[in-house]
Amino acid sequence: MKRGILNLSRSELSEFFAGRGVPKYRADQVFIWLLRFGKTTFDGMANLDLSLRRELTDLFYIFRPRIIKINKSIDGTIKFLLELVDKNTIETVFIPETQRNTICVSSQVGCSVGCKFCNTGHHGFIRNLSTEEIVSQVLIVKDYLELWCSKDERISNIVFMGMGEPLLNYSNVLKSIELLISDEEDCVSRRKITLSTSGIANILKIIAKDLPCRLAISLHAPNNRIRSRIMPINNKFNIRDTLNACSEYEKHHEYLKITYEYLLLDNINDTSECAYELLHLLRGRNAKVNLLQFNSWDGCSFRPTSIGRVINFARILEKGGIEAPIRARRGEDIMAACGQLTSN
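Each residue of the sequence shown is one higher than the one before, counting from 1 in our numbering.
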């Protein structure tokens, strides 16, 4: 039975070649063809021997999900509904901006964390994605937009902020990150990849040292009372647990500032008192707070905070010395914004 070559790490493919008497450096060449040039067959890998190309064709396949539907927002955001081999579906989002192009990838089909404000969790959890299913989201977007080898219009940022909790699929997520940053000629560096987590503290502590990217924490509240109300995961890993795990990450990545995501919900976590409490909670940390406005979806009772309160919240944090940008809503009209992704 053929294997998905994008499920292998660079070292795993190198060892596979070595076991067959093929020089290990051939693995680097294969991944350059796959990740820099977007090859979907082995035939066109011109610097590989014909016999090796034939052997690779016999033993491996190069996975691409099937595009079922594409939605385009008035702001330029594009949402892809992708079908996997088992007919499960996921959503991936491309966000173009003046200075950068970002792909928001999913790590699971659905999500088991169940944040009350998130449409993904509302629909439940089905399964983890494999490494090839994660990496191929980036590849299929580049296929569709013809971004291969383009120096002017290329992918500059990848964020694990789509469907799912990345740390509950950390083995495949970490392998996919290592593949995406392994090509030094590619445009995505480890500083331009961000993993967003609701705070699975026990796992974050274990992998903090080796996490090869930036970290974003979905905090969304300044105290456990509010956070447990909107994020049930807080009953298992509370704010103290999460911040202790963040300290472990900071210990090994002093040059990378942790981003704390804070979704403002009307009359729940958006008061001046909450802002001052958050300021006290994060004081002394190398932190940035991304302020997010709630994006509505059918069946959710939460309401977005008024822009006046959002601005007031940001001013309090910034006067206290914490960078607090208000993140622009992108793709809300096509249900592609934060907290809106599902599988349909």
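Treat the hints with care, since some could be wrong.
As the list claims (entries may be wrong) - Derived DSSO-like pairs (lysine-lysine); straight-line CA-CA distance at most 27 Å:
{"hint": "1", "residue 1": "K192", "residue 2": "K288"}
{"hint": "2", "residue 1": "K69", "residue 2": "K142"}
{"hint": "3", "residue 1": "K257", "residue 2": "K288"}
{"hint": "4", "residue 1": "K236", "residue 2": "K192"}
{"hint": "5", "residue 1": "K72", "residue 2": "K87"}
{"hint": "6", "residue 1": "K87", "residue 2": "K2"}
{"hint": "7", "residue 1": "K69", "residue 2": "K87"}
{"hint": "8", "residue 1": "K288", "residue 2": "K116"}
{"hint": "9", "residue 1": "K251", "residue 2": "K192"}
These aren't lab readings, by the way, just hints derived from the structure by calculation.
Note that this is a predicted model, so its numbers are computed, not measured.
Evaluated hints:
no.	hint	result
1	K192 with K288	holds, 16 Å
2	K69 with K142	holds, 16 Å
3	K257 with K288	holds, 7 Å
4	K236 with K192	violated, 30 Å
5	K72 with K87	holds, 23 Å
6	K87 with K2	holds, 19 Å
7	K69 with K87	holds, 14 Å
8	K288 with K116	holds, 24 Å
9	K251 with K192	holds, 20 Å
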